[in-house]
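Generate coordinates for the entire structure from the input sequences, incorporating the hints supplied.
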Amino acid sequence: MTAPTMPARPDEEASPRPVPWRRMAWVTWRQHRFALAGVAALLGALAVYLWLSGLQAHHAFAAAAGCPPASSYACGNLLDDFNGTYGARAEAVAGLLLAVPALIGAFVGAPVLGREMESGTFRYTWTQEFGRRRWALAKLVPLAVVVAGAAGAFSVLFSWYLQPFLSDGNQTPLAPTVFGLRGIAFAAWTLAAFAIGALAGMLIRRVVAAIAATLAVYAGLALAVMNFLRPHYLAPLVSRNLLSPPASAWIISQWWTKGGTFIFAPWPPDIVQRQDCPDSSFGPNGPSLAGLTQCFVRHGYTRWTSYQPASRFWPFQWIEGGWLLVLSVLLIAVTVWLVRRRAA
Amino acid sequence: MNIPFVIEASGLGKRYGRTWALRDCTLAVPGGQVAALVGPNGAGKTTLLNLAVGLAAPTAGAVTVLGGRPAGAPAALAGIAFVAQDTPVYKNMSAADMMHVTRNLNRRFDQPYANARLDELGIPPKRKAGKLSGGQRAQLALTLALARRPRLLVLDEPVAMLDPVARHDFMATVLTAAVDDGVSVVLSSHVLADLEQVAGYLILLSRGQVRVAGEVAGLLAAHRQASLEALALHYLRETTPEVAR
Numbered sequence: 001m002t003a004p005t006m007p008a009r010p011d012e013e014a015s016p017r018p019v020p021w022r023r024m025a026w027v028t029w030r031q032h033r034f035a036l037a038g039v040a041a042l043l044g045a046l047a048v049y050l051w052l053s054g055l056q057a058h059h060a061f062a063a064a065a066g067c068p069p070a071s072s073y074a075c076g077n078l079l080d081d082f083n084g085t086y087g088a089r090a091e092a093v094a095g096l097l098l099a100v101p102a103l104i105g106a107f108v109g110a111p112v113l114g115r116e117m118e119s120g121t122f123r124y125t126w127t128q129e130f131g132r133r134r135w136a137l138a139k140l141v142p143l144a145v146v147v148a149g150a151a152g153a154f155s156v157l158f159s160w161y162l163q164p165f166l167s168d169g170n171q172t173p174l175a176p177t178v179f180g181l182r183g184i185a186f187a188a189w190t191l192a193a194f195a196i197g198a199l200a201g202m203l204i205r206r207v208v209a210a211i212a213a214t215l216a217v218y219a220g221l222a223l224a225v226m227n228f229l230r231p232h233y234l235a236p237l238v239s240r241n242l243l244s245p246p247a248s249a250w251i252i253s254q255w256w257t258k259g260g261t262f263i264f265a266p267w268p269p270d271i272v273q274r275q276d277c278p279d280s281s282f283g284p285n286g287p288s289l290a291g292l293t294q295c296f297v298r299h300g301y302t303r304w305t306s307y308q309p310a311s312r313f314w315p316f317q318w319i320e321g322g323w324l325l326v327l328s329v330l331l332i333a334v335t336v337w338l339v340r341r342r343a344a
Numbered sequence: 345m346n347i348p349f350v351i352e353a354s355g356l357g358k359r360y361g362r363t364w365a366l367r368d369c370t371l372a373v374p375g376g377q378v379a380a381l382v383g384p385n386g387a388g389k390t391t392l393l394n395l396a397v398g399l400a401a402p403t404a405g406a407v408t409v410l411g412g413r414p415a416g417a418p419a420a421l422a423g424i425a426f427v428a429q430d431t432p433v434y435k436n437m438s439a440a441d442m443m444h445v446t447r448n449l450n451r452r453f454d455q456p457y458a459n460a461r462l463d464e465l466g467i468p469p470k471r472k473a474g475k476l477s478g479g480q481r482a483q484l485a486l487t488l489a490l491a492r493r494p495r496l497l498v499l500d501e502p503v504a505m506l507d508p509v510a511r512h513d514f515m516a517t518v519l520t521a522a523v524d525d526g527v528s529v530v531l532s533s534h535v536l537a538d539l540e541q542v543a544g545y546l547i548l549l550s551r552g553q554v555r556v557a558g559e560v561a562g563l564l565a566a567h568r569q570a571s572l573e574a575l576a577l578h579y580l581r582e583t584t585p586e587v588a589r
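Heads up: the protein sequence lines correspond to chains P and B, in order. Position 211 (the first sequence) corresponds to 211 in the working numbering; numbering is contiguous. Position 173 (the second sequence) corresponds to 517 in the working numbering; numbering is contiguous.
Keep in mind the hints are simulated off the structure, nothing from the lab. Some hints could be false.
According to the in silico footprint, chain P covers these stretches of chain B (three or more CB under 8 Å from chain P) [said to hold, decoys possible]:
#1 394 to 401
#2 435 to 442
#3 447 to 459
#4 506 to 515
Beta carbons are placed, not taken as given, at the ideal position from N, Cα and C, and that holds for glycine.
Okay, here's the thing in C-alpha cells:
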C-alpha cells in the first residue's frame, strides 16, 4: 500500500491561536435559549403580577396612610383592611418567590453539563479545537451573569412592591421571608443556585437526578442560612428590660433571668403568670405584654431581648451577597476543574 | 512538513479504580495511512483512543500526537478530529445547526465540503439529528469531523452499530479522505472484515496490552497468513488461548 504524503500546512498549527471566545456565544445561546426563555417567562409573568398587584397595594396604602385624622377609628380600620388584604397576599407572593432561585438553579444550571455528560455529547464537544476548559467557562459564566442579572432586576421590582408594607415601620426588613428577596440577596441566591446546579450536573452526570439534587441542596442551604447563619452576621444587640424593642427590629431571642440565672424563655409559663402576676395577664384587651413585663420586673425578674435593628439591613445584604458570590465563584471553579480533569 | 508518527505512546497506562484498562503501551503509529486498532471487547481500544484525543488523562506514561504534541493540548486538538463510539450528536439540533456549532468551535471548517457531503448523503440540513437513521447520524458525525480538515482522524468503533450498506458507505468515505486528502486515520473495530481492504497498519490489543503492532503487509508476510482476520486470530490464540472468535 502506498502511503499518500501529507499536504504541507503552515507551521502556525503547532502553536495555534485559540479560537476566539465570542464564537461560543452562538453555541451557548443555541443550546440554552429554551431554558433562558423559561426564566424570562417565569420572571416576566411574576413581574406583571407584582406590577399590577403592587399598584393596587400602593393605592390602597396611600388611601389608608393619608386618611385624616390618622388616629380615628375609621382610619385604623382602613389600615387594618390594607394589612389584612394585601399583607396576606404579599406573604404568599414572598413564599412563592423564595423558590424561584432554586427553580432557576435546577432547570437552567443542572442541565448545562449534566445533559452533555448524560448523552455523551461531551466526547464530541471536548475534542473540538475550542478546548473543554474554555468551553465550560464560555457556557457557565455568561449564563450565570444573565440569570443573576435577571434576578437582580426582578428584585428591584419586588422591593418596590414591598415598600408599603415596610414603610409603616411595623415589619422588619430582616424578616427571613423577605430578606432574601430584596437588595442584592436575590441575585446572589440565584447565582448560587445556578452554580450548585452546574456542579450537580457535572458530578451526577444525569439531568433529572441533578435537578432533584439541586433542589434538595438549595433548600437545605437556604434553611440553614435563615435559621442558623444570618442571625449571627453581626453580634445581636441585647437589651435589658426593654418594654418593646423597635417594631422594625428582627427579634432573635428573648429570655428571663432572676438573680443572674436563666429562668424561662421566651415568656413566663402560664402557671408562673397566674402565681406572680394574676392581674396583668388579663387586661380588657387581652393579656398586655407591657403590663406583664412590668409586673415581672417588679417581682425581681429581668427580661432580655437580643435583636438585629432594621438599620443593619444593608450591612447584612452585603455580607450575605458577598459570601454567596464567593461560594458561587468557588463552585463554578470546581465545576470547570472537574471538566478539565474528568476522564471520559 | 510530513509527520512520521501520528500517535506515539511510551509506557502508557490507564487505570479505572483497580482495573488497568491499558498497561505498558508503547507504540508509534505511522501517519499517511489507515491504522486499525483491533482486539476483543474490553481490550482497551476505547481507552487508548480516549487518551490519544485527550478525553482521558494517563495514569502512567505519556502519549503525544502529530509529532510530539501532548494529547489534549490546543495544538493537538487543532489537528485531530474524533468521532466517538455511537457517534454522539445533539439530538435536538438539525444537521445545519451541528455544522454551525462545529464551525464556531474550530478555526478551520470547510463549509462547502460539509454542504456537499450532506447533499450527497441525502441528509436534509433542517432535519433534527435525533431523527436521522443510525447510518445517517454516523455519516453526519464523520462529515463534521472531516470538514475540520484534520491531519488525523480518530474513529472509535464507527461502524459497530451500522447495517452492512451503511458500514460500506462509511468506510468508503473514510478511505476517500485517507487516500485523496491524505488524512491519517486511526480507527478501532472488533469487526475485522471491515478493515481488510483499508488498513495499512495494525495494532492488536488484548487485555489492556499491545500484542502486536506493524505494517499489515509485513505482518502477513512474516506470519504467512492470508488475511487480517487470520493474523489477528493467530495472535489472540497465541496470547489468550481461551479467546475463540
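Task: Contradicted hints - numbers only - done: 4
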